[in-house]
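Engineer: What follows is each chain in one-letter form.
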Amino acid sequence: MAYKTKKLESWQWAKEIRYRHYQKLQGARENGIPIFTGSGHAPWSIISGIGDFAALCGEPWSASVGYFPELAQECSEAMEAKGWGRDVCGYLKQYVGSMLIDKGPWGPFPRPDYIFQSVDCDLESSWYNMVAQHLDIPLFYTEILHDGHPRTPKDATVQYLADHYARAVEWLQEVTGKEYNDQALLDAMTLTWESRKLWSEICEMQKAVPAPLDMKSMYTLYLPAEIEPHNPEVVDFYKSLRDEVRHRVDKNIAAVGNERCRVLHDDIPPWHALHLFRLMEEYGVVVSASAYVFGLSGVWEEGEDGVYRAQVTPPKINYPPRTREEALWLQAWMDISVVRPMTNVQSAISVWRSLIRDWNCQGAIFHINRGCILTSYGVMQGRKALKDDGVTTMIYESSHVDKREWNETEVRDRIEAFMESLGLKPL
Amino acid sequence: MIEAFQDIINGRHDYARSWKERTGGKVAGCFCTYVPEEMLAAAGVLPVRVLGSLRPQELAEAHIPTMYCPYSRDCLAEGLSGTYDYLDGVVMAKACMHLQQAYECWVLDVPTGYYHFITMPWILEDPESRAYFLSELLDFKETLEAWTGVPLTDEALDRGIDLYNSHRRLMHRLYELRRPDPPLVSGTEAAAIVLSSMLCDKAEHNELLAAAIERAPGRPDPPNPAPRLMIAGGENYDLELPLLVESLGANVVIEEQCMGSRYFWNEVSEEGDRLGAIADRYLTRPPCPTKTNQQPRYQHILDLVRDYGVQGVLLVQQKFCSPHAVDIPDLTRFLADHGIPSYFFELDVTLARGQLRTRTEAFLETLDLELV
Numbered sequence: 001m002a003y004k005t006k007k008l009e010s011w012q013w014a015k016e017i018r019y020r021h022y023q024k025l026q027g028a029r030e031n032g033i034p035i036f037t038g039s040g041h042a043p044w045s046i047i048s049g050i051g052d053f054a055a056l057c058g059e060p061w062s063a064s065v066g067y068f069p070e071l072a073q074e075c076s077e078a079m080e081a082k083g084w085g086r087d088v089c090g091y092l093k094q095y096v097g098s099m100l101i102d103k104g105p106w107g108p109f110p111r112p113d114y115i116f117q118s119v120d121c122d123l124e125s126s127w128y129n130m131v132a133q134h135l136d137i138p139l140f141y142t143e144i145l146h147d148g149h150p151r152t153p154k155d156a157t158v159q160y161l162a163d164h165y166a167r168a169v170e171w172l173q174e175v176t177g178k179e180y181n182d183q184a185l186l187d188a189m190t191l192t193w194e195s196r197k198l199w200s201e202i203c204e205m206q207k208a209v210p211a212p213l214d215m216k217s218m219y220t221l222y223l224p225a226e227i228e229p230h231n232p233e234v235v236d237f238y239k240s241l242r243d244e245v246r247h248r249v250d251k252n253i254a255a256v257g258n259e260r261c262r263v264l265h266d267d268i269p270p271w272h273a274l275h276l277f278r279l280m281e282e283y284g285v286v287v288s289a290s291a292y293v294f295g296l297s298g299v300w301e302e303g304e305d306g307v308y309r310a311q312v313t314p315p316k317i318n319y320p321p322r323t324r325e326e327a328l329w330l331q332a333w334m335d336i337s338v339v340r341p342m343t344n345v346q347s348a349i350s351v352w353r354s355l356i357r358d359w360n361c362q363g364a365i366f367h368i369n370r371g372c373i374l375t376s377y378g379v380m381q382g383r384k385a386l387k388d389d390g391v392t393t394m395i396y397e398s399s400h401v402d403k404r405e406w407n408e409t410e411v412r413d414r415i416e417a418f419m420e421s422l423g424l425k426p427l
Numbered sequence: 001m002i003e004a005f006q007d008i009i010n011g012r013h014d015y016a017r018s019w020k021e022r023t024g025g026k027v028a029g030c031f032c033t034y035v036p037e038e039m040l041a042a043a044g045v046l047p048v049r050v051l052g053s054l055r056p057q058e059l060a061e062a063h064i065p066t067m068y069c070p071y072s073r074d075c076l077a078e079g080l081s082g083t084y085d086y087l088d089g090v091v092m093a094k095a096c097m098h099l100q101q102a103y104e105c106w107v108l109d110v111p112t113g114y115y116h117f118i119t120m121p122w123i124l125e126d127p128e129s130r131a132y133f134l135s136e137l138l139d140f141k142e143t144l145e146a147w148t149g150v151p152l153t154d155e156a157l158d159r160g161i162d163l164y165n166s167h168r169r170l171m172h173r174l175y176e177l178r179r180p181d182p183p184l185v186s187g188t189e190a191a192a193i194v195l196s197s198m199l200c201d202k203a204e205h206n207e208l209l210a211a212a213i214e215r216a217p218g219r220p221d222p223p224n225p226a227p228r229l230m231i232a233g234g235e236n237y238d239l240e241l242p243l244l245v246e247s248l249g250a251n252v253v254i255e256e257q258c259m260g261s262r263y264f265w266n267e268v269s270e271e272g273d274r275l276g277a278i279a280d281r282y283l284t285r286p287p288c289p290t291k292t293n294q295q296p297r298y299q300h301i302l303d304l305v306r307d308y309g310v311q312g313v314l315l316v317q318q319k320f321c322s323p324h325a326v327d328i329p330d331l332t333r334f335l336a337d338h339g340i341p342s343y344f345f346e347l348d349v350t351l352a353r354g355q356l357r358t359r360t361e362a363f364l365e366t367l368d369l370e371l372v
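If you read the protein sequences in the order shown, they are chains X and V. Under the working numbering, the residue at position 25 of the first sequence is numbered 25, and the numbers go up by one with no gaps. Under the working numbering, the residue at position 360 of the second sequence is numbered 360, and the numbers go up by one with no gaps.
Treat the hints as calculated values from the structure; they're not laboratory data. Any given hint could turn out to be false.
[Stated by the list, open to error] Capping the alpha-carbon separation at 20 angstroms, the derived lysine to any residue pairs in SDA-like fashion look like this:
#1 X:Lys154 - V:Asp109
#2 X:Lys82 - V:Tyr343
#3 X:Lys154 - V:Glu58
#4 X:Lys154 - V:Ser135
#5 X:Lys82 - V:His338
#6 X:Lys82 - V:Gly339
#7 X:Lys384 - V:Gln57
#8 X:Lys384 - V:Leu59
#9 X:Lys4 - X:Lys384
#10 X:Lys82 - V:Ile123
#11 X:Lys384 - V:Met67
#12 X:Lys387 - V:Val110
#13 X:Lys82 - V:Asp337
#14 X:Lys82 - V:Ala336
#15 X:Lys82 - V:Thr332
#16 X:Lys154 - V:Pro227
#17 X:Lys82 - V:Phe344
#18 X:Lys216 - X:Glu16
#19 X:Lys384 - V:Asp109
#20 X:Lys154 - V:Tyr115
#21 X:Lys154 - V:Ala131
#22 X:Lys154 - V:Ala336
#23 X:Lys82 - V:Arg333
#24 X:Lys154 - V:Glu142
#25 X:Lys82 - V:Phe345
#26 X:Lys384 - V:Val107
#27 V:Lys319 - X:Met205
#28 X:Lys103 - X:Gln26
#29 X:Lys82 - V:Glu346
#30 X:Lys387 - V:Val107
#31 V:Lys319 - X:Lys387
#32 X:Lys387 - V:Glu58
#33 X:Lys82 - V:Lys319
#34 X:Lys384 - X:Ala417
#35 V:Lys319 - X:Arg86
#36 X:Lys82 - V:Val110
#37 X:Lys82 - V:Tyr298
#38 X:Lys207 - X:Ala2
#39 X:Lys316 - X:Pro150
#40 X:Lys387 - V:Pro225
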């Protein structure tokens with residue numbers, strides 16, 4: 001059966017937001033705008049309290065570098081020449097390598113003024129220590145603790161991060177010399193929640209058959225909620241996208257017209273080889289779900305019934321937040337929730353089971369990403385759990401940013417064998 | 001000098017089973033040196049470090065990707081194979097994601113009874129870190145009491161703290177014997193003593209250790225004069241490593257590793273609130289490279305180099321150990337900046353003896369030249 005298909009009207013807007021984000025970053029120094037750096041999901045809304053700023057978001061920057069294999073290799077080799085091995089975190093090497101050679105995808109490396117970093121894996125402190133030392137700029141660490149609790153974090157873990165954020169506010173005033181504006185924080189926090197909630201709603205609509213979006217497109221669409229969730233334009237964009245996706249669901253408009261099978265893909269894909277998703281479409285397969293893509297820019301809850309669902313309202317606080325404390329608590333809760341399925345094996349398995357069952361997937365593909373221990377965490381145990389459930393699965397090994405780890409022939413062979421095991425032949 | 005300690009290592013599973021029979025107590029497997037073992041001891045539990053087999057295995061392949069360190073996969077494989085079927089519980093103190101994953105997979109697939117995860121912050125200096133870690137220790141205390149039925153009163157905690165502090169003092173006395181040139185205790189012997197201490201009752205270990213310290217000054221077979229090396233870096237429990245290095249004409253006089261001096265270096269204060277004192281001990285011990293601030297560790301390494309007359313450093317890292325892999329280039333430069341030569345060696349489940357031999361010999365030759 002062939003479904004109607006149609007180009008996504010919101011696509012261009014997503015690209016424009018991304019373009020303006022990097023345009024602002026590259027021109028920030030000239031325009032007197034301070035540049036902050038930190039993880040992709042650093043608490044940008046908290047920085048909004050000191051006024052306008054540009055964000056150099058670590059992982060998205062590295063992913064962009066990784067999209068250009070020659071530049072990526074140059075960055076990797078700059079790091080390797082200084083002693084860091086090939087198996088060290090790919091994003092770290094792209095970012096720090098880019099800093100060392102002073103090159104990025106769109107010009108020189110945009111030298112940040114401050115580092116505000118939420119550590120959430122073993123290496124992120126080393127990463128930003130290198131940046132702080134190399135550039136001699138101020139650094140403030142917070143940390144997203146892995147507290148071993150599946151489904152929901154301990155209250156103490158959220159409060160710990162919120163307390164760090166409260167001290168970060170003092171630090172921001174001290175290093176920038178600017179007075180902190182609580183109303184700007186509350187507004188940014190509300191917008192952040194809205195952006196992420198809208199993204200979760202959009203991802204939930206992926207349950208529809210045919211899927212309204214394909215994963216290759218979703219890799220672009222999730223980005224605004226990660227890098228500028230506090231931007232009013234981003235909220236408007238997601239409202240528009242949500243309405244468009246809802247229309248596609250109502251009218252049975254498919255992302256892949258020949259959809260006849262749906263699979264899950266996790267975690268980060270090899271950014272230099274996204275064409276593998278098109279290869280699957282030749283078999284009528286659409287990648288319709290991903291814990292990484294859904295979770296990174298969304299707000300979710302893992303219900304006791306095992307269902308992964310969009311969080312409608314924040315837990316345990318007033319919404320919208322009315323005080324600095326409430327806003328910081330909400331930011332902390334969101335930050336911990338984002339990485340939970342990547343840092344807790346039981347959570348990851350529960351989410352993958354829900355994505356298979358509730359998003360109507362018939363198979364699962366896992367990328368063993370040699371360049372990231374965080375996003376490969378729990379992948380094998382998750383695959384085992386799904387296999388035990390009778391789900392057809394496959395794995396492939398590569399790196400999200402280092403093309404030297406990519407073996408096109410082997411991955412193609414694996415995908416073709418996987419398609420056969422799903423009973424599919426090319427259309 | 002170290003037969004008794006080596007017997008404990010080689011017969012560690014029989015030792016733990018026999019300890020259970022003898023005492024009727026419970027045995028808990030520990031996944032990291034950030035587990036506050038004195039609390040387990042205070043509850044009458046024998047803490048034993050979970051180790052791998054040092055043999056190639058396939059059991060963990062379906063659970064942990066091969067890009068995680070071989071040590072973490074080896075530990076899980078030992079659980080899956082039933083080698084640790086005598087354990088009554090396992091305890092993890094969060095440090096690296098490699099061991100965290102091994103622990104989490106263990107919880108899912110190795111029935112052990114009691115499981116406890118202690119969240120150890122990456123940031124150690126902030127006031128919030130101490131408060132949070134203290135709350136984690138309170139949680140641990142509660143589940144430990146419920147599991148064992150033993151109230152962890154101040155008196156009980158004092159017994160645990162005293163036992164462990166006594167051990168730490170004895171270990172420092174032992175390590176003093178490594179400072180003369182030539183040392184009175186070899187690196188291989190010290191490694192066996194530290195490792196065995198992680199596998200047996202501390203009271204018994206203290207007795208063996210005290211006797212070994214007494215015997216050492218008059219021993220008939222002390223190490224010969226040789227270049228003095230430090231081993232620094234990641235986990236290693238393969239005694240073949242220091243043995244091979246020392247067989248090539250070097251003395252390993254100190255190490256800076258979790259299965260070495262980091263394990264026992266500082267004490268718990270015996271004053272004030274007990275859990276607070278335990279928290280402070282773990283927050284201020286020589287940190288592993290997962291922690292945000294490595295400056296205290298680098299200074300500590302420099303102090304060890306000076307205090308033990310180190311002439312060269314062998315930097316080791318388990319293959320794919322990401323925290324150490326990121327740290328070692330910086331540490332190499334730091335050592336070089338202070339005029340301390342070093343070389344790097346990667347560890348796997350089995351030791352690459354030929355490669356280690358060749359490279360160590362070459363390193364020792366360069367050291368000889370520098371010393372001349």
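Engineer: Take the hints in turn and mark each one as holding or not.
Structural biologist: Checked hints:
Of the supplied pair hints, the one linking Lys154 (chain X) and Asp109 (chain V) is violated, its CA atoms being roughly 24 angstroms apart against a limit of 20 angstroms. A threshold of 20 angstroms between alpha carbons decides the hint, and for Lys82 (chain X) with Tyr343 (chain V) the separation of about 14 angstroms falls inside it, so the pair holds. A distance of roughly 35 angstroms separates the Cα atoms of Lys154 (chain X) and Glu58 (chain V); the hinted pair therefore is violated under the 20 angstroms criterion. For a cut-off of 20 angstroms, the pair hint linking Lys154 (chain X) to Ser135 (chain V) stands: about 11 angstroms separates their Cα positions.
Simply put, Lys82 (chain X) and His338 (chain V) have alpha-carbon atoms about 18 angstroms apart, close enough for the 20 angstroms limit, and the pair holds. Proximity of Lys82 (chain X) to Gly339 (chain V) is assessed by CA-CA distance (about 18 angstroms); at most 20 angstroms being required, the pair is judged to hold. Simply put, Lys384 (chain X) and Gln57 (chain V) have alpha-carbon atoms about 18 angstroms apart, close enough for the 20 angstroms limit, and the pair holds. This hinted pair checks out: Lys384 (chain X) and Leu59 (chain V) have alpha carbons roughly 13 angstroms apart, not beyond 20 angstroms.
A C-alpha spacing of about 36 angstroms is found between Lys4 (chain X) and Lys384 (chain X), which places the hinted pair above 20 angstroms, so the restraint is violated. For the suggested pair Lys82 (chain X) and Ile123 (chain V), the alpha carbons sit about 26 angstroms apart, so the restraint of at most 20 angstroms is broken. Distance restraint check for Lys384 (chain X) and Met67 (chain V): the Cα-Cα separation of roughly 17 angstroms lies within the 20 angstroms cut-off, and the hinted pair is therefore satisfied. Between the alpha carbons of Lys387 (chain X) and Val110 (chain V) the distance comes to roughly 18 angstroms, so the proposed pair stays at or under 20 angstroms and holds.
Only pairs whose Cα atoms come within 20 angstroms are accepted, and Lys82 (chain X) paired with Asp337 (chain V) is accepted, the gap being roughly 15 angstroms. Only pairs whose Cα atoms come within 20 angstroms are accepted, and Lys82 (chain X) paired with Ala336 (chain V) is accepted, the gap being roughly 13 angstroms. Of the pairs offered as hints, the one joining Lys82 (chain X) and Thr332 (chain V) holds, with about 10 angstroms between alpha carbons and a cut-off of 20 angstroms not exceeded. Restraint check: the Cα-Cα separation between Lys154 (chain X) and Pro227 (chain V) comes to about 51 angstroms, which exceeds 20 angstroms; the hinted pair is violated.
Only pairs whose Cα atoms come within 20 angstroms are accepted, and Lys82 (chain X) paired with Phe344 (chain V) is accepted, the gap being roughly 14 angstroms. A hinted pair counts as satisfied when its Cα atoms are at most 20 angstroms apart, and Lys216 (chain X) with Glu16 (chain X) qualifies at roughly 17 angstroms. Of the supplied pair hints, the one linking Lys384 (chain X) and Asp109 (chain V) holds, its CA atoms being roughly 11 angstroms apart against a limit of 20 angstroms. A distance of roughly 17 angstroms separates the Cα atoms of Lys154 (chain X) and Tyr115 (chain V); the hinted pair therefore holds under the 20 angstroms criterion.
Our distance criterion of 20 angstroms between C-alpha atoms is met by Lys154 (chain X) and Ala131 (chain V), whose separation comes to about 14 angstroms. As the CA atoms of Lys154 (chain X) and Ala336 (chain V) are separated by approximately 44 angstroms, the hinted pair breaks the 20 angstroms bound. Between the alpha carbons of Lys82 (chain X) and Arg333 (chain V) the distance comes to roughly 10 angstroms, so the proposed pair stays at or under 20 angstroms and holds. A threshold of 20 angstroms between alpha carbons decides the hint, and for Lys154 (chain X) with Glu142 (chain V) the separation of about 16 angstroms falls inside it, so the pair holds.
For the hint linking Lys82 (chain X) to Phe345 (chain V), the alpha-carbon distance of about 16 angstroms falls within 20 angstroms, and the restraint holds. For the hint linking Lys384 (chain X) to Val107 (chain V), the alpha-carbon distance of about 15 angstroms falls within 20 angstroms, and the restraint holds. Between Lys319 (chain V) and Met205 (chain X) the alpha-carbon distance is near 43 angstroms, which puts this suggested pair outside the 20 angstroms criterion. For the proposed pair Lys103 (chain X) and Gln26 (chain X), the alpha carbon gap of about 12 angstroms is at most 20 angstroms, so the pair holds.
At roughly 17 angstroms between alpha-carbon atoms, Lys82 (chain X) and Glu346 (chain V) fall within 20 angstroms of each other, so this suggested pair holds. Using a Cα cut-off of 20 angstroms, the hinted pair Lys387 (chain X) and Val107 (chain V) holds, with the two alpha carbons roughly 19 angstroms apart. At most 20 angstroms may separate the alpha-carbon atoms for a hinted pair to count; Lys319 (chain V) and Lys387 (chain X) exceed this at roughly 29 angstroms. Between Lys387 (chain X) and Glu58 (chain V), the direct Cα distance comes to roughly 18 angstroms. Compliance with the 20 angstroms bound is thereby established for this hinted pair.
Among the hinted pairs, Lys82 (chain X) with Lys319 (chain V) is consistent with the structure: their alpha-carbon atoms are about 18 angstroms apart, no more than 20 angstroms. Restraint check for Lys384 (chain X) and Ala417 (chain X): satisfied, since their Cα atoms lie roughly 18 angstroms apart, inside the 20 angstroms limit. Distance hint between Lys319 (chain V) and Arg86 (chain X) is fulfilled; the C-alpha atoms sit about 11 angstroms from each other, no more than 20 angstroms. Distance check on the hinted pair: Lys82 (chain X) and Val110 (chain V) sit about 41 angstroms apart at the alpha-carbon level, beyond 20 angstroms; violated.
Of the supplied pair hints, the one linking Lys82 (chain X) and Tyr298 (chain V) holds, its CA atoms being roughly 19 angstroms apart against a limit of 20 angstroms. For a cut-off of 20 angstroms, the pair hint linking Lys207 (chain X) to Ala2 (chain X) stands: about 18 angstroms separates their Cα positions. Proposed proximity of Lys316 (chain X) and Pro150 (chain X) is supported: the alpha carbons are some 18 angstroms apart, at most 20 angstroms. At roughly 59 angstroms between alpha-carbon atoms, Lys387 (chain X) and Pro225 (chain V) are farther apart than 20 angstroms, so this suggested pair is violated.
Of the numbered hints stated above, those contradicted by the structure are hints 1, 3, 9, 10, 16, 22, 27, 31, 36, 40, listed in ascending order.
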